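Novice: Next come the chains, spelled out residue by residue.
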Amino acid sequence: MQNRIRNFSIIAHIDHGKSTLADRLLQFTGALSDREMREQFLDKMDLEREKGITIKLQPVRLNYRSRDGQDYILNLIDTPGHVDFTYEVSRSLASCEGALLVVDASQGIEAQTLANVYMAMDLNLEIVGLVNKIDLPGAEPDRVKQEMEDVLGLEKEGILPISAKLGTGIEEVLEAIVKQVPPPKGDENGPLQALIFDSYFDSYKGAISYIRVVNGSVRQGDIIRMMSSGKEFEIYEIGVLSPYMTEVETLSAGEVGYLTAGIKNVKDTRVGDTITLASQPADTALPGYQEVKPMVYCGLYPLENNDFERLRDALDRLKLNDASLFYEPETSDALGFGFRCGFLGLLHLEIIRERLEREYDLSLLATAPSVVYKIVLTDGSEILVQNPAHWPPAQRTERIMEPFVKASIMVPNEYVGTIMELCQDKRGSFITMEYLTSQRVMISYKLPLSEILYDFFDALKSRTRGYASLDYEISGYEVSNLVKMDIMLNGEIVDALSFITHQDRAYYRGRATTEKLRKIIPRQMYEVAIQAAVGSKIIARETVKAMRKDVLAKCYGGDITRKKKLLEKQKEGKKKMKQIGRVEVPKDAFMSVMNIEDE
Amino acid sequence: MAIKNAKLKIKDCNGMGMYIHIPFCIKKCRYCDFYSLPGKNESDLDNYVRALLKEIRIRGEQMPAVQLESIYLGGGTPSMLDGRQLGSIIRACGDNFTIIPGAEISMEANPATLDKAKLAAMEAAGINRLSLGVQSFFDDELALMGRVHDAAAVRETVELIHSRGWENFNLDLIYGLPGQSLKRWWQNLKQALDCKPCHLSLYLLQLEEHTPMGKDAAQGRLQMLDEDEEWRMYNLAMEYLAERGFVHYEISNFCRPGWECRHNLVYWQGREYLGLGAGAVSFVAGSRYMNQPDFKGYTGALISGEQWPIKELERMEGRELMIDALILGLRLCEGIDLAHFQQRFGVDISSEYKGIIVQYMNRGLLNIENGRLSFTKAGYFLSNQVLSQFMD
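Chains B and C, in that order, are what the protein sequence lines are.
Each residue of the first sequence is one higher than the one before, starting from 2 at the first, in my numbering.
Each residue of the second sequence is one higher than the one before, starting from 31 at the first, in my numbering.
Source of the hints: derived by calculation from the structure; they are not laboratory data.
All values reported here derive from a predicted model rather than from experimental measurement.
Treat the hints with care, since some could be wrong.
Here are the computed lysine-lysine pairs in the PhoX-like style, where the Cα-Cα straight-line distance is at most 25 Å [what the hints assert, rightly or not]: (1) 555(B) to 57(C); (2) 570(B) to 341(C); (3) 550(B) to 57(C); (4) 341(C) to 566(B); (5) 520(B) to 245(C); (6) 407(C) to 555(B); (7) 555(B) to 84(C); (8) 407(C) to 564(B); (9) 588(B) to 546(B).
With the hints as constraints, model all of the structure from the sequences given.
Specialist: Here is the structure:
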């Protein structure tokens with residue numbers, strides 16, 4: 002049985018055609034009829050389709066009759082491409098024996114391609130190299146193959162040229178999977194060990210877990226035990242995704258599928274946990290996953306104060322589907338009750354916020370994002386601060402440290418100077434520069450995480466006409482000269498607007514922030530003073546003048562209905578504001594404090 | 031000789047208003063977002079008047095008992111109609127409805143379209159109130175707005191009006207023009223007063239984005255005035271006109287005592303009116319209706335007689351009617367009579383909306399005096415802030 006199974010992922014830099022390739026594989030193997038086909042089939046979330054990106058890993062089972070006449074089961078586990086979701090990629094890779102590496106025939110290798118390939122190599126996966134988009138006018142498949150051989154050590158003869166868009170070379174890819182990716186090697190008769198590699202909450206079936214059976218087998222009606230908690234459940238349904246949920250009687254070693262067991266509490270089916278049978282338990286759990294630490298935090302507050310419990314419930318459910326999400330209740334003087342949430346990056350933050358708003362019908366306010374600072378106090382103790390509101394006063398701090406990353410930036414060599422300038426601006430220090438080919442350079446910089454979170458990637462792209470790619474990993478904490486900037490509205494500090502900044506930038510940031518807020522905060526019945534302060538020192542001040550005009554000059558018979566609609570809209574608009582003291586602040590203001598372009 | 035507006039007290043009269051829309055203009059003004067047809071095509075005008083006469087007849091058959099307190103010909107540029115056409119329209123109104131003796135019969139006119147003969151024809155038709163679209167007394171401002179007349183035409187027209195003994199006329203002015211100074215605005219007001227009108231409508235320039243001036247403003251070719259400056263202009267008008275004996279009776283309207291525009295009062299007092307012509311709106315029995323807004327559709331439907339070119343815009347009951355009346359009534363400087371409201375809608379506003387009222391009384395925008403709720407002087411220009419709070 003296992004000899005006929007192949008488990009593989011697709012890894013690629015964002016936009017190199019991963020989801021399109023997955024679409025073609027589904028079509029070619031007949032998993033989907035042409036009628037059922039739609040673009041980015043495996044990207045189920047509206048958000049994924051709108052943004053054209055993959056956020057969640059997604060398993061699917063393909064049945065393929067190879068040229069050798071045998072039928073094979075190919076389990077594809079699709080993965081996200083954005084650096085924020087590297088964690089999802091690692092989970093998916095850990096459930097596979099092989100990976101398809103997709104590289105764009107005109108773009109060549111990019112920073113994340115490298116990171117993903119190294120990850121796959123660390124897991125001893127068989128890598129099948131593909132050069133995609135060979136149909137495009139700018140395609141240089143031979144150059145890119147050479148690059149893949151030089152940089153990644155893949156033999157260029159084995160790299161397949163394909164066009165996922167046109168469906169060119171798809172059969173060769175399937176054949177390569179059958180021939181090159183090794184079958185799984187579990188013990189079908191041993192005690193059950195199945196790894197939960199993802200799960201989500203379905204309001205009818207309860208928690209649905211995606212599993213990879215490593216050893217043994219599991220069937221409907223079995224009593225399973227979660228090895229981390231010891232809790233036991235009876236299986237209601239097991240099945241495979243082909244690509245729709247299809248029930249099967251049993252899943253054995255090497256297979257990938259899903260199971261439901263009426264698990265109502267989302268905490269009872271933790272991603273990375275091992276499932277075994279209560280009747281014949283395994284001795285040890287599978288290695289599971291390294292717990293990921295959030296890189297960036299922000300406060301999420303319901304605009305309607307009584308939505309707090311609904312928000313908690315929504316976070317609980319999302320957490321099931323996204324182990325990297327962290328949250329705990331917090332309160333803000335300005336905003337009331339909410340949650341401090343941790344994310345892998347800003348895209349992750351944005352996506353979670355959008356999912357909460359869309360899937361759970363909440364209206365949320367996000368505060369300015371912050372990294373986690375380490376502060377040594379004068380009494381020698383060390384604290385972690387991920388909410389600027391908890392920043393200790395200057396006289397109590399001995400040393401402040403912030404997280405740094407090692408950033409790898411890959412660019413055509415003519416942009417080296419530009420990139421170095423940008424990195425210097427962002428308080429970076431140069432590590433190395435390496436020529437991957439005569440044209441492409443990998444530059445490494447050490448940068449404060451807080452500097453690359455906000456607009457670094459955009460700046461990188463715009464300064465290199467889109468050619469630069471970025472990957473980064475946390476390198477550790479280092480001492481920095483940081484201060485907390487308070488923002489005051491009419492003399493009152495608004496805790497949710499406070500942020501941390503480097504001392505040298507404080508003046509500029511204070512000025513830019515107050516100016517930005519002046520533009521965002523609409524005129525109100527009273528004048529609003531906006532001030533930025535470090536400690537007790539005010540460094541910038543702006544004023545939103547009192548509203549003078551809000552009138553329909555003309556209103557008579559013909560357009561009363563229309564004018565009333567304007568008034569209704571105006572009232573609706575007020576609901577998108579947060580009342581802080583006497584000041585109405587648009588909910589976007591909190592987040593936008595961070596998006597301040599450097600001059 | 032024009033009939034001087036009989037001084038019926040506002041509350042004494044309970045007739046309906048009739049609005050008649052004439053959607054033709056010599057040229058569309060650059061700030062205008064009303065439906066109008068440019069140019070003058072004799073046969074179009076004739077067809078339109080034919081359709082209008084038919085509508086008057088049909089409406090009269092439907093509601094034969096209606097008593098009209100006012101008739102208002104607006105546009106567009108109703109003064110593009112000739113004497114014969116005007117006469118036939120007003121006559122048709124009298125034939126199909128009852129016009130209360132002393133009713134106000136108004137017509138809007140562009141200064142460029144009036145001459146002695148036209149005025150005589152208007153008098154003969156029974157028009158007794160004129161609303162002159164002056165907008166400004168300065169040629170550069172008129173050019174900016176794309177008006178077809180110049181300041182000289184305004185003076186000549188006003189002279190003509192006086193020479194024929196008209197007393198009951200209004201001037202429309204627009205303020206807050208890009209580049210307009212407070213002094214310029216004051217000069218406009220002064221010249222308007224020199225024309226000795228009994229009514230002034232002063233409209234703040236508010237541009238819809240799809241109008242030519244709106245586009246210019248959106249794309250930065252025109253710089254709108256700061257709202258502080260706009261407020262100063264409004265405030266200046268309030269002070270100056272009060273000093274010169276004018277009564278401020280609606281957010282944008284001023285008159286010599288007793289010369290309120292009765293037609294507009296019908297709107298603001300939440301009373302019923304019929305709207306005739308393309309795109310005209312009627313308010314009858316709690317519903318607003320709108321005639322088909324385009325010229326071709328409207329005339330085609332009426333002349334062929336195949337369909338009645340009207341649709342319902344909104345139907346209101348109970349509370350919605352009350353809010354409607356509240357929003358309109360508060361536009362009047364005298365505000366609303368709380369007891370009268372309670373009687374009419376069964377709602378005691380002062381307790382029902384206590385929170386809102388107290389909040390805005392504290393901020394100096396609302397006032398309750400002698401059983402009436404009204405805006406303060408400071409409140410008019412911020413009235414949307416308050417009115418939007420009353421919306422459901």
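Novice: Are the hints correct? Go through all of them and say.
Specialist: Structure-based check of all given hints:
1. A distance of roughly 21 Å separates the Cα atoms of residue 555(B) and residue 57(C); the hinted pair therefore holds under the 25 Å criterion.
2. Distance restraint check for residue 570(B) and residue 341(C): the Cα-Cα separation of roughly 23 Å lies within the 25 Å cut-off, and the hinted pair is therefore satisfied.
3. The hinted pair formed by residue 550(B) and residue 57(C) fails the criterion: a straight-line CA distance of about 30 Å is larger than 25 Å.
4. Proximity of residue 341(C) to residue 566(B) is assessed by CA-CA distance (about 18 Å); at most 25 Å being required, the pair is judged to hold.
5. Among the hinted pairs, residue 520(B) with residue 245(C) is consistent with the structure: their alpha-carbon atoms are about 22 Å apart, no more than 25 Å.
6. As the CA atoms of residue 407(C) and residue 555(B) are separated by approximately 17 Å, the hinted pair is consistent with the 25 Å bound.
7. With a C-alpha separation of about 30 Å, the suggested pairing of residue 555(B) with residue 84(C) is violated against the 25 Å cut-off.
8. About 22 Å separates the Cα atoms of residue 407(C) and residue 564(B), which keeps this hinted pair within 25 Å; it holds.
9. Restraint check for residue 588(B) and residue 546(B): satisfied, since their Cα atoms lie roughly 20 Å apart, inside the 25 Å limit.
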